[in-house]
Every structure is written in structure tokens, then in C-alpha cells.
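Per full-length UniProt numbering, the very first residue in the sequence shown carries number 1; after that it's consecutive.
Simulated from the structure, these hints should not be mistaken for lab results.
Note that the structure is predicted; figures quoted are calculated from it, not measured.
Wrong hints could be hidden among the right ones.
Straight line, CA to CA, 20 Å or less: simulated SDA-like cross-link-like pairs of lysine to any residue [claimed, not checked]:
| hint | residue 1 | residue 2 |
| --- | --- | --- |
| 1 | K132 | T116 |
| 2 | K11 | L401 |
| 3 | K132 | V325 |
| 4 | K11 | D90 |
| 5 | K11 | V325 |
| 6 | K71 | L401 |
| 7 | K192 | T154 |
| 8 | K10 | R95 |
Label-pair restraints from in silico Cβ distances [unchecked claim]:
| hint | residue 1 | residue 2 | range |
| --- | --- | --- | --- |
| 9 | A211 | G120 | 16 to 22 Å |
| 10 | P319 | K357 | 17 to 23 Å |
| 11 | S314 | R213 | 28 to 34 Å |
The beta carbon of each residue, even a glycine, is placed where N, CA and C say it ideally should be.
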Amino acid sequence: MDLNIPASGKKRAVIVGGGFGGVALARALTRRGGFQVVLIDRNNYHQFQPLLYQVATSGMEPTAISFPLRKVFRRSRDFHFRMAAVEAVDTERGRLRTSAGDVHYDYLVLAAGTDTNYFGLERVERHALPLKSVGEALALRNRVLSAMEQAVRTTDPRERSELLDFVVVGGGPTGVELAGALAELQRHIFPKDYPELDIAGQMRIYLLNAAPRLLEGFSEESSARALRDLQRGGVEVVLGAMVRDFDGHTVYYNDGESIPARTVVWASGVVANTVGGIGPERCGRGRRIRVDAYNRMEGTENVFVIGDQCLQTSDPRYPDGHPQVAQVAIQQGRSVAANLSRMAAGRAPEPFVYNDKGSMATIGRNRAVAEIGGRHFGGFVAWALWLLVHLLFIIGVRNRLAVLFDWSWSYLTYDRPLRTIIRPAPRVRPGA
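Could you put together the complete structure from these sequences and hints?
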């Protein structure tokens, strides 16, 4: 069985993953022409991961940050999308095996991103909630709102404490932004929705971070500001907290310390998604695949890896690999597209050089940190920059307008209109 892709006289470039890197690469290749482009992803949409936490905290509809991949490329010539899960690659025969069939490639680009890293903590993996996809964001929204509904019903003080304590593990941008958003629910939304509860006195939000400071990729100045803003917003930040277990009712960290909680969000680390046929000898830290200066997988001429999946150490500025952020993936996608065109024309490829355009993270209303061009920003200015940059990177005019409306509504009304618990409908047996 194959993927039913028509033959073409052009070289075929197969791209695995419709994230930032894969979309940037496919766009660049289709604009340049000269290739048949095949994009494969297990979902039929591109998701804007930096805003997943807003879906999880009732601030945004999932459709606002999801864009159908076929719509992105519907005007592109000789482009083909197939929804499938990648299973293995045969680098000798130039074939990729997927859950829907096989496909031949002249060039293969892996851009399949990462998954949550639980560091071997089995019970944490079983009970904690990750935040890497739209589905996981909706599951977290359901959990938070369901916990509040259960807290209203219970008369058991221990159970209510577990339900009203929310723990975020991981002090990177995702953890910081999620903790800040939960704190806003605590201040502005839940007191009005649940007047039966003493929200201010009983609900607690914890941010546990194993490192000695938050936002390790930022300057110490920005880290300190993020810590101060979170604490002012009511988040209890615990630094140097190494989580060791979570049984569904209690989080255990360090030596004997614990927090009673049923909702734990694991934002503590990522590990690259694996692809069959690529052995561990080709991988480095975090299962990232080692590549050369041109993003070619070591030992190959026509297999490339970009974004969070790749480990490129040729740049002396990043001896441990580039940061796993969207800008790296986008720039690498464009670089590989340019190099494929050069190689097709008989010219030598050029090494990838990352242009760091800055970092930013939001803590809540009018609170953020941003580092751009060597300058540090905080407060409202950083928050406004964060809004603008994220708005510009969302695909589609409709989606941008939807996000802008949701942000404006929340800012002006102090409200989150999307507080709905949506679960899959149970199957109805025939004749029931």
C-alpha cells in the first residue's frame, strides 16, 4: 500500500511534521518551485503551540490557534498532504513507512518535534497532564473546571484541598505562562463563578522548578522579574523542587515534602520524537538526531532534520545545540529549502546560521518579560510586545481576528467566556 501520490518529473521532497519548521519549509519550497512537496502529519492542522495554555485556561477557542494544513497550501502547485503517523524510514532505499502506506522520497526532512519527557517517573506519566497539543489543552481545561465543580459538592476538607490545589511543574515559558493564567482565573473568574467557595483562602497555585531560577534561557534580571510578578499574582513558586512522584492525590518532591493536589501539569521537559530506522547511535541528548552544519543527518546526503528534533553542534555559539524554540525551526526550514534548491542546481549548500531574534514570556495581565536585541523589557511594554509578536505569527486572517477578539474581550471585561467542560459523547449501542 502506498500514499497514492501521483508521479512527477520533479524531485520529491517529503516533510514529516506540520509544525513551525515543516510549514516554513513547505512554504519556501512551493514558492521556489522545482520540487514535488509531500507533507505528512498525524493531524490535519497546524497548531500554534505557544498559546495552548490559553486554550487550557478558557481564554481561547482551540480553532483560533489551529489552521487546516490543506487550506494553508491549497494554492500551491504539486503539493500533497497526507494525514498519517510515521513509523520508519529506510535510508538505503529512500522510502518512508507510515500508518497509511509507504512513500518514496528523493529528499526527506524530519520536523516531527518533541513529546513530554517524564524522566522515567511512571506514576507521574500516568497521573499528570502534559500540554503539547490542542487535545491535551482541552483535557486540562476539563480537569480544571471539573475540579472546581467537585470542590463545590464535597464536604470533605481533605478532598477539597486536593481539588483546589493546582501544581505546575517546570519553570520554562510554558510553566510560567500557565501558572500566571491560572492565577488570573483565581483572581478574576472563579470568585464570581463559585461564590460558595472561599477561592482566595482555599485555592492555591504552585509552580515547582528543579532549577534555582525560572526561565533559565533568559537573563537573571528577567528571571527575577518573572519570579516577582508570579508571586505578586498569588503563585507560590518553589525553586530547587525536584518532583519524585505523583500518585493522583499528592505530589512528592525533594525529601519528604509534598502538596495535596489532583491537578498536576507536567511542563518540565521534552524529548525528541523517535522515528523507526534511526538508531540511538545517531542521536544525542534528549534523543535529538545529530546533524551537520547543513541540517543533514550524519551519514546521509538526502535526509535532513530541523527544529526540536535536530541536534546541531557545529555553531560554536550553541555547543549543546540550538534552543528548542519556534524561531530555530522556522529559520532551519527556510535554510533547508534554500539548500535543496542550491543542490538541485548543482551548487554547494550553505551552513545554517541562527539569528536569535529574542525571547519573551508573559506572566499575566500587563506583566511579561522580553529580551530583544540585547535589551530587556518588562511590565506593560513587554506584555504588548508579546501580544504583537504572537499575533503576527498566527496563520490566517480569521485566526488572528479571533485571537485579537478573545484577548480584547478578556482584557476589557476580566472574563473568560469559554468555561465549558466538553467530553467525548459515550458510544450508544445499537438498539439501546
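Which numbered hints turn out to be false for this structure?
2, 5
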